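K.L.:
Now for the letters of each chain:
There are 4 protein chains.
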Amino acid sequence: MIIVMKPAATEANINAVKEYIEGLGLNTHLSTGKSITIIGIIGDRKRVPDTVRLFPGVDKLIHLTESYKLANRKFKTEPTVINAGGIKFGIDNFTVTAGPCAIESVSQMVQIAETVKAAGGRALRCGVYTAETDSLIKEVKARTNLRIVVEVKRESLVKAAAKCADILLVGSANMENYGILKECALTGKPVILCRRLAATVDELLTSAEYIMVNGNENIILCERGIRTYETSTRNTLDLSAVPVLKAKSHLPVVVDPSHSAFVMEYIKPLSKAAAAAGADGLIIEVHPHPASSATNSSQALSFNDFNSLMAAIKPIVQLEERTL
Amino acid sequence: MIIVMKPAATEANINAVKEYIEGLGLNTHLSTGKSITIIGIIGDRKRVPDTVRLFPGVDKLIHLTESYKLANRKFKTEPTVINAGGIKFGIDNFTVTAGPCAIESVSQMVQIAETVKAAGGRALRCGVYTAETDSLIKEVKARTNLRIVVEVKRESLVKAAAKCADILLVGSANMENYGILKECALTGKPVILCRRLAATVDELLTSAEYIMVNGNENIILCERGIRTYETSTRNTLDLSAVPVLKAKSHLPVVVDPSHSAFVMEYIKPLSKAAAAAGADGLIIEVHPHPASSATNSSQALSFNDFNSLMAAIKPIVQLEERTL
Amino acid sequence: MIIVMKPAATEANINAVKEYIEGLGLNTHLSTGKSITIIGIIGDRKRVPDTVRLFPGVDKLIHLTESYKLANRKFKTEPTVINAGGIKFGIDNFTVTAGPCAIESVSQMVQIAETVKAAGGRALRCGVYTAETDSLIKEVKARTNLRIVVEVKRESLVKAAAKCADILLVGSANMENYGILKECALTGKPVILCRRLAATVDELLTSAEYIMVNGNENIILCERGIRTYETSTRNTLDLSAVPVLKAKSHLPVVVDPSHSAFVMEYIKPLSKAAAAAGADGLIIEVHPHPASSATNSSQALSFNDFNSLMAAIKPIVQLEERTL
Amino acid sequence: MIIVMKPAATEANINAVKEYIEGLGLNTHLSTGKSITIIGIIGDRKRVPDTVRLFPGVDKLIHLTESYKLANRKFKTEPTVINAGGIKFGIDNFTVTAGPCAIESVSQMVQIAETVKAAGGRALRCGVYTAETDSLIKEVKARTNLRIVVEVKRESLVKAAAKCADILLVGSANMENYGILKECALTGKPVILCRRLAATVDELLTSAEYIMVNGNENIILCERGIRTYETSTRNTLDLSAVPVLKAKSHLPVVVDPSHSAFVMEYIKPLSKAAAAAGADGLIIEVHPHPASSATNSSQALSFNDFNSLMAAIKPIVQLEERTL
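Chains as they are written, first to last, in our numbering: chain A, 1 to 324; chain B, 325 to 648; chain C, 649 to 972; chain D, 973 to 1296.
Simulated from the structure, these hints should not be mistaken for laboratory data.
Everything numeric in this text was worked out from a predicted model, so none of it was measured.
Quick reminder that beta carbons are idealized off the backbone N, C-alpha and C, glycines included.
One thing to keep in mind: the hints can contain errors.
A few chain C positions that, by computed beta-carbon distances, are all more than 10 Å from chain B [stated by the list, open to error]:
| no. | residue |
| --- | --- |
| 1 | P655 |
| 2 | T658 |
| 3 | F723 |
| 4 | G836 |
| 5 | E851 |
| 6 | M860 |
| 7 | P963 |
Computed list of lysine to any residue pairs in SDA-like fashion (alpha-carbon distance at most 25 Å, straight line) [said to hold, decoys possible]:
| no. | chain 1 | residue 1 | chain 2 | residue 2 |
| --- | --- | --- | --- | --- |
| 8 | A | K6 | B | N339 |
| 9 | C | K896 | A | S302 |
| 10 | B | K330 | A | N13 |
| 11 | C | K682 | C | K708 |
| 12 | C | K830 | D | D1022 |
| 13 | B | K572 | D | S1128 |
| 14 | B | K384 | D | R1206 |
| 15 | B | K572 | C | D707 |
| 16 | D | K1286 | B | N417 |
| 17 | D | K1135 | C | G827 |
| 18 | C | K666 | D | A1263 |
| 19 | A | K163 | B | G503 |
| 20 | C | K896 | D | R1206 |
| 21 | C | K654 | D | D1277 |
| 22 | B | K398 | C | A657 |
| 23 | A | K69 | D | M1236 |
| 24 | B | K330 | A | A291 |
| 25 | A | K34 | D | L996 |
| 26 | D | K1006 | A | L61 |
| 27 | A | K314 | C | N741 |
| 28 | D | K1032 | A | H29 |
| 29 | C | K654 | B | G347 |
| 30 | C | K708 | B | L394 |
| 31 | D | K978 | C | S946 |
| 32 | D | K1032 | A | A291 |
| 33 | D | K978 | A | H250 |
| 34 | B | K572 | C | E659 |
| 35 | A | K248 | D | V1024 |
| 36 | C | K722 | B | K398 |
Okay, chain A solo, but in the shape it has when bound (with noise of 0.2 Å):
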């Protein structure tokens, strides 16, 4: 971290707060340039109070080094792998997730999960976890072959949830919901962590931080679309982020096209484009008649579109030299 002071600085001021930082336990380092003068700080960043912007003639405090450790790919360059119950995230894996944005019924989820499994998937979602759904997850685990993916929407239930399922989602609108995030580390089960609407790639990685300093490295990137200007999508899927994450974390990396896309159109070829982007999975809606989905997602996938999707990303996979 470095303090930036004014051209105006004076030297009593440049004094004041060298002395203040160090006052903190901290050593400093004085650059003196041309117009400007910089005091450096040498050591925890976490220990010098934002507030010292307030002493006379300080321009700006910058940070020179991101406010995460553990999720930074310059502090463990190998990329990770994470292992979900036997199936795998990252590296030469190319993992997908699919199922229906809510559970209507066991047998229609044993009906979508055998489609998607037969299609190359390898977890099923089964939508938010509740007391109600409880039963109906660990009957639709029991009678299926796949992953089983929840979302947690409630801290009080985080701990029921990863009883009953193999991997927990924190959905956008909980990234930042340090509650949740907290139970979800200490489950220890891995954590698909989906990026805010309006969440830069620094905030979420520092959301993932957050888990993994509470004790859990178990976790799984998910960029879904951020909100733009732009309307003709719901949200702009931000694709750029999957190598921007892959260079500033060694955690993997999967897209969920089908919540920024909107239209069943969209989502096909943002598919394509994430397995070529590098991205180490998708989560993908399917229902087997979006049309009439209790849910009324416009954007879910038919069985017809989900199986001519995966047919579509397989030579893409296989060129990533990754297994579906």
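Once you've looked at the hints, dock chains B, C and D against the given chain A.
P.N.:
Just chains B, C and D, lined up with the frame of chain A:
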């Protein structure tokens, strides 16, 4: 609601949509233009699934009316006054809420409350309600003459918060946390509802509607900055939202410039601007010693700065024919 | 186009609008719903002034059809192929344009052209057309076997540029520079039209329409990044725009990942993603020695990196059944 | 400027960068922290190519100082007053420019000028300067007592525009049109420079700097709305930009609420807010009969509305100790 058909839609396409809608128990009304046909739907749009866009020949669905009714000025043209334990929000009141980000001690809160009151503030912001702060807040309430505002961040604590506070604040991160919104509705207490960082004005009003439909119409809307590409302020305070919200809704609107401006020098001019734009009040972060506050809030105003701000807005409030 | 009346609109309000519209020589069609009345306008919406919203009782105007016709896929369902001096953009072609940001010397351009051609590129980007670069460009053209692309930044130079180039490029800053667009229309030459940093897809198509209406239908659309709040890339490449533009228009779409990604390592995955998303080509910045380029372009690829990129997209292009 | 090296950078990496910088004739200054090394560069940052980020081991470049000097308040702390043919912008003046989007006739302009002048306006907006409007503008100038503002949209017409106008206006679309900016610099005439729809405050100041470096320091900055995801106004007026620009620059700042608000009812509250936020003036679109204006401007104010707006801002301007 109308359904716009594509120019290439056939008569069979149009009839299929028409019959489907009528099968839902709704009436339709066809308008045939030079190149396109519109199917108007008469009745409750809630009953038309969004998936109707999957029918062949459908171009798009357009909602002609807003998704909120109780909050909508079209259906209640008179502005609403909210009475919060004796103080009022709306019409000819200009209601300033101030206080720190977090309670550090009762004595400090009492000191802040005296400053806020002397300067013309009417409500005291007492940080986030938790089991730990409960007794502190109660003591603060007993020892000051201001209404107490607490932020609720946990669904399970809303009821208890409502017992010790006069006004509940739903922070921007929870604008769409329906668990919290519902609990707030059940308490019947006035709610300051903050706009999410990337929420539209209509989404804010939709959240307000949710609380109102669940039985609590005492909603105060709060603009506190939206996320844009501009980085010179933490968020971009959207002051246009003040007249826009007043045109679209009858509910009072307050502005929190502290969280968007972040930099102390910008808070005063933006507070004046908010008053001049027609806001019904402000929420200001105040701390006796911002540079050494426990929460490291460089945006908190010192007592001197707060007094100066209040002096500056007073004549503008008078011009607006409001009472501070 | 429809005019939506407010719930409180009186019959007199409705009649006044109706008579005004009919006075313009247009037909109207009333739909009366439960709470609102819609006035449908049959005929050319261009003739209805926007100021009709100032009439008492009017809630809003909604355009049901796009503002572009020639560029609109609804009116020409077959995708368009653009022939640019023998090379083609669209359908089963994947056309790579590459080159430096600015011409430094003829010999350097010839060297770049050889690399581009050997790797499968078909067009050479020759920087901005100016009086000074005119003879250089002509010499480059004479000595290479690639089609020549020049950017036009001055209305007065478009004609001259069209004499020495095969394809004109309108940069994002000039997407709405109607002087330049009109001159481009008059030349009849193929135009690569770049999306402005904050333009919607519909605004890009409206600019394309302007050139087309003025007599030149040889338009190639180019997505090159939009401005969002995310700062890890210079701009956010909007790859959803590829399928969206293909759904809305019949024109070819190319992608320029260099200007948005900015960072070299992101250009290759985004190029692959663009190919997989269905783009009709790429524009790539290439320089023999990026670190010492005259224009200081850290986003330019070296020859090695360019060759590696081309090798990586080749199999994806084949999967898409296109010819590089 | 500093270069931040990656934690994994070797001594050889650091030395290579250091030697390269010193080879450019600049001095360096190394700071070695716990995990990273910073290379400070002493001297003119313009001489360090951006491509230095391509060196192995480099994490990022950080510019510590702004890219503008003449416009920077750090180097000229006193606010600037611009004298435009007798009227002033800045400090204790509040200068209202008003007029239509386009000249329809001389007599109409004279009528508008009389209204603007009577209400306290000092400058008349006369649309875009073209060869056709030249003589009209001259006649309007001869017959009114207001300073004349014309928009320049063509580089080749700036000189002629400067002959008939007192103030040149560079619209938002041309904020980075360096041809026009340079011509404006050469005229020496006061320039109102509008912020581009997606420009940052720093980019606006960089454009101002360009004009100033080229010899014309008479720049008036203009905020007129930025593009965000919010759709209830055409653009989002960024009133924070007023105090931000005042903190970063000594130049006067005016606000144009007409083009962002679009809807008439929002223009008055936003004008009041701009005055209260410390703006040095307003630009308001006025038309005798908005509903029948040639340019179809539903955002233009009628004379009555303009008079009401001026009456409303007058006391706020007085509170700010400014002269209307």
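K.L.:
State the violated hints by number, sorted upward, taking the hints as numbered earlier in the document.
P.N.:
Those not satisfied are hints 1, 3, 8, 10, 12, 13, 23, 29, 32, 36.
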